[in-house]
Amino acid sequence: MKFYKKYMTQCLAALMCFSTLSSCDKDFLDKNPLNAISGETFWKTETDVTMALAGVYRTLQNGIYGHRKPFFDTYSDNAYDRHNFFGYQAVTLGVVNPSNVNSGLYNQPYQGIAACNYFLENVGSVAAVSQANKDIYSAEVRFLRAMYYFDLVQLFGGVVLYKVAPKTAEEAKIKQSTKEEVLAFVLEDLDYAISKLPATAYTGRVVKASAQFLKARVRLYQQNWAEAATITNEIINSKLFSIYQGGYANLFLTTTQQNNNEILFSTKYLAPNNPQGNEGMLVEIGWYGAIAPYQNLVDEYEMTNGKMISDAGSGYDAANPYTNRDPRLRMTIKAPGDPETTNYSHTDPLLTGFAQKKYMDLSKLPYDRTKIPLTDMNVVHMRYAEVLLAYAEAKNEVSGPDASIYDALNAIRTRTSVKLPAVDQAKYNTKESLREFIRHERRVELALEGHRYFDLKRWNAMASRLTAVKNPAGQTLVFGEKNNVLPFPQSELDRNKSLTQNTGY
Amino acid sequence: MAIHSTPFERSTGTPLPQKRVMYATQDSNKQEFSTLTRRLRIGFRVSVLALVMLLAGMVQGAFAQNRQISGTVFDASGVPLPGTSVKVKGTVTGTISDVNGKYSVQAANNATLVFSYIGYISQEVLTDNRSVYDVTLQADASALSEVVVVGYGTQKKVNLSGSVATVSGVELTQRPVPNMQNLLQGRVAGLDIIQSTGEPGRDDASFQLRGFGSFGASSAPLVLVDGVIASIKNLSPQDIESVTVLKDAASASIYGARAANGVILITTKKGKAGKTQIEYNGSMGVSEATKYPELITNSATYMEMYNSARLRSGQPALYTQAQIDLYKNNPNSDKYPNFNWLDHVLGKGPIQNHHIGFSGGNEQTIYNASFNYLDQQSITKGYKYKRYNGLIDFSSQVHKRVRVGTNINLSFQDAKAPWLTNDNLLLLAYASAPTMMPFLPDGSGRATNRDFTTNGTGNRSVEEVYATGGQFTKTYNVNAQAFAEVSILKNLKWMSKGAITYFDEQYKNRQYPSQSFAYQPDASGNYVQVANGNPDFNGLRQNETRAITKTFFSTLNYSTQFGTDHNLNLLAGYEQQNNFTENVGGARYDFPTTSIMVLDGSGPTNQTTNGGASEWALQSLFGRANYDFKNKYFLEGNIRYDGTSRVGIDNRWGIFGGGSGAWKLSEESFIKNNVSWIDNLKLRASYGTLGNQEIGNYPYQDVLNLTAYPWSSSLTTGAQLTRLVTKDLRWEKTSMLDFGLDVDLFKGLFGATIDWYKRDTRDILTQRQDLPNSVGLTAPIVNAGAMQNTGIELELRHNKTINEFNYGVGVLFHRYRNKVTNLLAETLGTIEIGQPYNNFFMYEWAGIFQSQDEINSSPKQPNSGTLKPGDLKIRDLDGNGTVGPEDRVRISRFPSYNYSFNLNAGWKGFNLTAFFQGVQGIKTQVSGWGYEPFQQGSAPPLRFLNAWSPTNPSTTVPAVYQVGYPGVSGYTSTYFLQDASYLRLKNLYLSYTFNQDILSKVGAKGLIVYFSGDNLITWTKYEGNDPERAGSGRFAQFPQLKIFTGGLNIKF
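These protein sequences, in sequence, are chains A and B.
Note that my numbering gives residue 372 to position 249 of the first sequence, counting from 1, and the numbers run on in steps of one.
Note that my numbering gives residue 660 to position 659 of the second sequence, counting from 1, and the numbers run on in steps of one.
This is chain B alone, in the form it adopts within the complex (with noise of 0.2 Å):
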């Protein structure tokens, strides 16, 4: 019997498990049987289902020759399942199962017993002459049967109309990568993730769904938890159950105001009733940087190079030939070694991670409480991270018509680094001589500066930065929620939660001097100390950011079925929210020993404060409504108006909202009566307008900023009007159109979504470009123009079981083409109507000078009069002899498509799983260390080693020069362009699950040992060390990483 989706089901804000229900049925309590029943339709109609088999199995029972057959039915976590329906095929006779999972029945011999159960494969067991079986079920993993979290309820995903992807928590964990952003990469068609860089605890994701949407305001998915904003950084992968993405317009029109750019649901963790679990799911591994470049390290040829590089700039050589020489005489000599840098500072870094989690619950109440502790090293010195996770669910049937819960996450992040981070820290690595190492030779730990005493520093080196102090953050993350729910009628809900979202980051910024030497003695042979490690400062700098967010909301729901045919389910809800954001600060100086922290250890000579604080505020009605109609038409409205405190009063309040219509073809009856190998068949369409408030939080007030000035010996406390100010901000909205396709087909066996869209962002808000700098103010916020993404995804699955071994495919591809479509004031070659967004703007790069007789004969260049053979080529493209402005072409940011995919395969216990993802068309600008040479010093790429010369005329590489000669960086050029596209094994995952009959003897109810790798393989054309980064910028930046992860779960 197909037991459909109820309206019921949909509303419900958290999903009920419906085996709960089935406790009911078999409860003694009468009282509550009828209640909950009456609460969930399905409960009921299976009670009713099964009370007319058992009757029947009575009457049948009275001619046949049966015998009593009994049991207990399992899912596969070894959990008893109450409530399966238990069937003897061919007869009407039949039960379910009981609280425990217990069933007994009457059956003949050689009968066949079906097993089913809603969201699990049916089961059929032939019986013999035994009279005990115990069955366990599989969970159905097909989209088919799968529910999938909404904007403030539940639904069938076959019955939605809107286009709305999920990822299970069981998919994301299997990358071992510490930060829950970076998991969802590539596991959404449309979402596209950008993790910046590998360092621990500052790894964090850009998200973009759909294209860029907004280049005013945040153009950044919604991230709710549980229904309330919160960071997915503060949560342990291991605690999520699902994500939901709403990315059309329609889906997401229910959160309004703050869903321009999507939004992403995710759902943690909930107890399951029956038997107490206790899972354990701890892992071990290494992390390393998945490449860096190649720099020149040997010695000589960077001193010769760096010499010659100077005297095309018109410089004085740098090294003398004596310097060189005793480099030369002694090649990979402590004293004059060829050190590479980036081989020193990068290293491996291990990761280890525990999660414990214990669930369990009787009809009344479930929980779920677990902890998780991950401490990742890096793969240089200087940081640490360690991060704690807790969260707590529980809820409880505290009245036959009220279910009361809680949900607490809570985290604690304990983050060191080194006081410059990220790019700030490795182009040290890049900039640093080879012809030094990081300390002295003479074994005494010092550290060094630079090589020769006469030789200025182009910049610290990475030890040095080690050891002048480093920067530490506590961040305590609270995210509390508590509900009730309300069965006011059979088919009417309330639903009221309330949260409370705290964050406090407690950042210490601890600098000192430390004595720094050159690497080579002086003419005595004594090592000079020629710096004091370069710190920022001396002493310590404190600040703690507080932000408390509350949100409330409650929700009405009522669906009911009139006729047999039709279905309605309507929602109406209120939601507000503030938040007030606080920090404070001081700072002092001169601390008698480095190892004080706190300010009180030192006096208050040239202390500083600063404080500040800010707030905002959300208001909100909402409604939707669901109808569909013999299961084949659905129609979904959703509308929401908001109120923001960061509009002005007059256009304070605006009206969202969207449809979305579908038409399941496959419940026709000429498909589903003649085209059996379609399992479902579905076309979608929807349109909806939603609204940006991330615009700041006062943009339209005319503001004045405290200041000071010391007309004396102390200041005068001023105020300063710096910005012009435009009070009649409209809301940025978006609007979207999508239409898409599902389909499965052979049951499971081919499965694919196709969804095409087309995005529109108007009025957006942004600073005006075109006000004059003579008006001296910042530009005010405006609605200044609008942009459209248009954009294809495609998702294609594909399962197949042959006998033990299964297999699956599936493949996530997004392209999308962005294009300004109206502005206020155009920025010539860059921001400009009908083409996308900020292209680069930048002359086009033709090759190497060879010859004088070249640069005579080719067009006037743009620095013309100081060009030397060796140095660019720049394309006249117009042909008319001079290569001016009008020259420079633009070329597109985006990526022309995203796509990922991802092979599974198992056989036995075995299971095995290939992710890969990339992005192609990419561009990328880079620049300064490590790209060009002598950035402070920086060694040359080996590229180098094959410059333009007169001797060898390079038509790739230009002769060697130091940055920021004319010839080369006097101009932006193509030569500056890397082509960024990537493929990469994203994530291998080999697991082993250990057989059932095992693990009862050590009384385990599962365990599973697996091995999982990340980024392990990298196709690129990208010369950087990742071609994974975010945006333009300089060349140096710290590594993205290879893991490699062994671990284990087990459950008790």
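Just chain A, same shape as in the assembly (with noise of 0.2 Å):
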């Protein structure tokens, strides 16, 4: 026995020597991701800054800030959301409810939020970098939280209000606050921005010029007209920006979008390594004939003679119903009989009888579905157009008709491949008739675009519009006072009790 115990501890040392030599080699279990960053090893350098700023941008490519834009129309009067796929079609028969609404409208902007407030926590400590780059960077991302909470607004009122980002669950669940907490913070922001920011024209970071614009909307929704004028006159003056004279088209193909004077933010892509990807073709080839627009927004093109197609002597003619109208009609609507049409056969049948044409490379015709995903058309946030629209609104309510109204939108409706009769200043010489024009300019300059929606709500005449449109099941379109705001996702009030969902929910 005394020989066997002798034995067996030699061996038991032995295996034991084994062992604690391989446990002593600590590295053996520390093992870090491969593919990613190590948060606590990061934000040291310039290199990470502008790595987590690019990280920020980034969250623009998330569904309705990028290539789900579009869809914003069929919540209106302007198209009809064929396949429901991002449930629009319940706000426009004003049945949404906690459980069918769009939860994405909700998570996406937050998700943008979220990589803000991660990034501005973070910023200042990195000693590397230079204050004015820190504050240029930060007034970069300010501004893209700004839009993600007046985004928030709009849809939803009063939102829960993270100004710095929640580290628990439970410091999460908070009440929310009122729509002018809010929007005060989105000021602040962007006021922020406006100073930081600089005043040159958009290659593809944020401008001065997309700071000041996002305020002059904030005030546009505030109806605070006299601000708004002003703010979009300074864009005008600094002659950083102009009408786009390549094309109307042209502003929503990605080769012409680049270096565009027109342009004053949008999301960017870029084939191969980040293009739209698959959803992206819904818009870009029409796919499925997602997005239909309706009869009604195609009446509201002029004719080539600068009348409206009821007015008398418009020369509208039923049976050849999309002559002589205004150009824009056939670059933003395929219409039956467009010679586009065998290369959209592969697409559903058209439930209203057009598809969306804006967005589309028409150059790559016959569509080849296989080249779709590596699509990058950039999504069109800001551009001039819309300054010249929005400051002719706005002026128009503070002091009524003037020239300088008169030329803004002559701006647009003049510019090549358009060439629209100018402004009919003996008929559209009061505010209310005048009113009344700009908001249909508007209307067809911005189709499909995604902004009919948030237009609507704010003039208040969403529900006058939607019952003038029946959907293709022939129910006619609804909104009622308590859609002006969307309720909360039943998801969202489940995890977060604190919320109160919005009256009439």
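The set of hints was computed from the structure by calculation and includes no laboratory data.
Note that the structure is a prediction, hence the values are computed from the model and not measured.
Ideal Cβ positions, reconstructed from N, Cα and C, are used throughout, including at glycine.
Where hints are given, some of them may not hold.
Below 25 Å or equal to it, Euclidean Cα-Cα: the simulated BS3-like pairs (lysine-lysine) are [what the hints assert, rightly or not]:
| hint | chain 1 | residue 1 | chain 2 | residue 2 |
| --- | --- | --- | --- | --- |
| 1 | A | K167 | B | K728 |
| 2 | A | K296 | B | K728 |
| 3 | B | K734 | A | K154 |
| 4 | B | K909 | B | K1022 |
| 5 | B | K728 | A | K290 |
| 6 | B | K734 | A | K593 |
Covered, in the sense of this in silico footprint (three residues per stretch, anywhere, with C-beta under 8 Å from a C-beta of chain B), are these stretches of chain A [stated by the list, open to error]:
| hint | region |
| --- | --- |
| 7 | 380-392 |
| 8 | 587-597 |
A few chain B residues facing chain A, derived, Cβ under 10 Å [unchecked claim]:
| hint | residue |
| --- | --- |
| 9 | S314 |
| 10 | M438 |
| 11 | P442 |
| 12 | T606 |
| 13 | Q608 |
| 14 | S677 |
The two chains are supplied separately, each in an independent frame; assemble them into the complex guided by the hints.
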């Protein structure tokens, strides 16, 4: 037995030695991500900061800020959400509720806000970056944060406001702030951004005019016409931006969007490594006829002589309804009989008879689905035409018709490729008649760019406009008082018990 | 003499065939003899016995008139059996057979020779005047002698105190199923297996042992092949010696943090000492769909129904009356067909399998080498699957104290599949209208996409997918092991094993356009191209993934007996594993021809690349102690100390362990001496705690994902924080209490194993469910909840032999109840404390509205206002007059019970086995193509011929509608719930074993021919193609397979 014991001890000792040796090799169990960065070692260099900044911008490619943005028009009298892909049908039928509301409308802005807050909390501590640069980076991010919060207000009214990111689930479960509180925070961010951002043309990074114009939009929303007019006028006077003369349709094609002086801000994409992807083709090739413009929108387009189709002597021919019309019609909407028809034939039958054409690259005909995932059209959020329209709208509200307003509108109407007659100053010579004309021009110029829903709401015109439209199933569109804001998604109310549902839902 | 198990035997990593020891006893090399007998006490004991008997025989020989009797002892497969004890009954005379199975003994005339060998049924032979007696011993299959593989060792089954089940390779290979994973279905009580589909190479099964263990981490058992992590899928079923399932926590806890969902130990075949054996096993078979649903294939009916369905949704008719009339007036013409797409798409798929093995060895060295080739065609076009397996097992006694060996498993799988698979492929067959055939009627072979040019297509056609490319996967696996066993002392053994598991997958997805047409020509009679086949992209996407897992473990095993009644066995060990996985991929587009399959075949325009890597590591110490007293009372304890890279440094190490005890009542004198018909009666109890480390690689770390954004004409790399992180994650732990009973009666006539278990999983690691979306980040992984599974497993056995006829019956039953016991945040209706996990939570369907009056007088329905007669009626459970969310019902997703039974009968060389398997009380929620009419134009199922209409007041089938119609699919109701219970004749196996006399003439040692049928009959109420499916989802699934196979097994 003694012999055994001796052996036994030796062997156990050997085994333990081996084990200990390996255990002491501390690295063995320390495994860190290989294709990502650990938060602990980040935020040291200027490169780290620009990477984080690019990460914040990337949230722009998120759903409604990317290729889903045109779908906002299906919330209005402009178009029909053919397949209810994003749950927009319910809104126009007045039956939107906490269960069927598109939760992306709530989640996506907040994803952007989280990225902004993470950036703003950390950028200050990076010693390797100059204060001047930090200010500019922060200004860009605060612009984005303002945009995200403003959209939340436009969609939901008062929302949960995080000025800094919550660190735990418990910290995040707070009551919503009022609409006014959130807007005050938005304006605070924008004023900072305006004070720090460079006054240059837009090429891909936020510039001063981007922030100025967002502020103008907030003021329009608040019906603070005077300030909206002042700010838009400042942008006009900066002369950094102009109406693009290279063709209206080309504003929405990737090659002509680069360094385009009409664009103030957009979500950018870049093929092949950063394209819109498969979902983008819903817009890019009108796949599935997903966005189906209504006749009501088609009818809004003037005749080339500047008359509305219902005007006496317009020359409108019901047998050839698409001839001699505002050229923007056929650059925005595919009408029956358009030459591209056969190339659209792989889509489902068009329930309204029309398909969306804006954002489509007709030079790529015939459409080959195999190439579409590589499409990289930039989604335009702000362009100079809208600045002019906003100026016209605000200025008219402040002081009624004047030459600067007509000039602004004419600049849009007379661009190369559109060339409509100037505004009929005799006809639109009162504040009221000109207001209607500006709204008309705005609808046509910005059709299928995702503005109509927000415009109709702030004009309080949603209900009256929707009743004029029937969806392809024959149902008249409905918009109730409560629908001015959307319901919070039920899933969010379940998670955050401090959040109160909006009135009426 | 009862040679009971020695502690030594239990702990052997690789069970050594005792026969080999017996060579040594006859070897002239005395040195070798003595050391080897020291190594294995059985051998020693037998040798002593033999010596005694020999001496006795000599003494006896001096008195009686004896003569020399000799012969050879074989096993059932014709291999000589060395070491067999040969005794002359009633005397002390005896001997043991030598290395070639030969024996020689002195016996009187009319003596009875008794041949016995451990693991074999003893045989008595009455001598006459012949002097040569060759004897064949049959292996004793009864549970009493079975030795099973357990964690880091082996153990005699009757001595187990935990809950351990085994399945032999022989039993598994009766089914002609190509994927080893699916063969275990219905073979182990408590192990519930669901085969997902019948797609060649994509038919992986999901495993669940003793209920649903975790809703965060993986709930799949740990699978070890010869002690090392590997995939069962890469094995050829013919190479399996046995499968052991460690079910209770005490047995599994030797694997600690990986064992929360049980452990499946697979042992591959080893060589046997003796003459070289060559074995060939070949089979040819054909597969077809078990079943598929019947849809409406009459085109005119389809078109009319489609129109009325659209009308119901307020949409204009799709077909004109003129179009409908064309089909009505030209029935069954090629131009106006009534085409059954499912018949077209689903056909027959041949399967062939060839396996050849070589094994043998001598006293020092044993080997087993085999090669397997499988060629499986699909029941659809577009698939091709070939699998090549190699197994090399070799071990050698290189020194009197040292044995070394290697075991290498290789597999190469070559799979082609359409670029859309499973339900994504099959739903296309459902979505294709009966109004067109797959190709134009002009015989040109051009694929169709829709019936009329003017109609939008619902989706692609299956033929378009076949014509536009495919995906090609080549998978290489190597599981290479080497071990050394050192007998340091008689009772102390040191075993070390190193292994490398290498995995390489080369994946190519190649797609290109191909013209497709409308079935009906245009006005001028020309066929119009309407699409280009609709591939997803035009090019080649390629990806290669490599993974390497390194394992090393080392064990020390000490066994001793003190006194005559106490046996003790101790095991201590160390193990470490690490894994590194890397992938790299790229894509190019617009190739000049469709046959080019390499990236360089096209230019760099729009090319993309990608790559990634991850790693994990695990380090562990473990130990086990077994003690038994008088072979009556058994105690076992296991412990494991695990450290993982996946948990933060403060909580990284966890201790897991368990203990079990058994009392073998049948060894007590009050039974042993009084109740002779009880062979074995044992009570077991165990308790243990296990961990689950399958929680993703870096759940506790703040990770910034790399991304990019194009500020200018080039991309800028970006970094994004995308999730909130909880740094102080604790191990997810599972504890299990188990009580069991084993009983064997009347010498194997009846047997039963019954287990009751309660399994608690706590600190379940999963994503936090209540993080507000306003945080804007993915919720963190947290220790979120607890769950309990309580269950009963039952196994019944009955075997009987009547002259030349023998038969057996086996029944397995498993029933468990799942319950969530704790949660950080409940989800109303689906995930709640006290309820089964993830209930269905839906409205209860009560019938069909027959009239507007009925609608008006019924409780207000969830989407009232748009309701029409013919819509679904929903039950107002609380009777408050309004059907609201509070009227939804909770329905469990778990089955009531799983069961299987096995019947076998043998007569002379014939053997017939019928294997039934079933699941009772399981519900599946189905939707879409084939269930809901006209999803992308899919024809309604036949029952819609009896749909509600004003003239046909059906109470079970709503009026014909179009998917998405709010009156039926506006809310989730039990209308979409199907009873997926089934019982099926999983397998029928008939074989004939040729007798030795015939075979010896052709020089063969064994020949079996067999026929096997799989999934032959299914009894179910389920309406879809097969009730056996991977959970809820689309109604359209790739079918399961019915396989008919014939084959033969021949040995030389």
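Evaluated hints:
Of the pairs offered as hints, the one joining A:K167 and B:K728 holds, with about 22 Å between alpha carbons and a cut-off of 25 Å not exceeded. Proximity of A:K296 to B:K728 is assessed by CA-CA distance (about 20 Å); at most 25 Å being required, the pair is judged to hold. Our distance criterion of 25 Å between C-alpha atoms is met by B:K734 and A:K154, whose separation comes to about 22 Å. Taking the CA atoms of B:K909 and B:K1022, the gap is near 40 Å; set against the 25 Å cutoff, the hint is violated.
Between B:K728 and A:K290, the direct Cα distance comes to roughly 12 Å. Compliance with the 25 Å bound is thereby established for this hinted pair. The hinted pair formed by B:K734 and A:K593 fails the criterion: a straight-line CA distance of about 59 Å is larger than 25 Å. Figure legend: the region 380-392 of chain A, annotated as covered by chain B; annotation consistent (3 residues with Cβ-Cβ distances under 8 Å, at least 3 required). Beta-carbon proximity to chain B at under 8 Å applies to 3 residues in the region 587-597 of chain A; the threshold of 3 is reached and the given coverage holds.
Interface hint status for B:S314: upheld, as the beta-carbon distance to the closest one in chain A is roughly 6 Å, under 10 Å. With a least beta-carbon distance of about 20 Å to chain A, the hint placing B:M438 at the interface is violated under the 10 Å criterion. Proximity of B:P442 to chain A is violated relative to the hint, the smallest CB-CB distance being about 21 Å (cut-off 10 Å). Evaluation of the B:T606 hint against chain A yields a held restraint, the C-beta minimum of about 8 Å falling below 10 Å.
Of the supplied interface hints, the one on B:Q608 holds, with its beta-carbon coming within about 7 Å of a beta-carbon of chain A, less than 10 Å. Hint status for B:S677: violated, given a least beta-carbon distance of 41 Å to chain A, over 10 Å.
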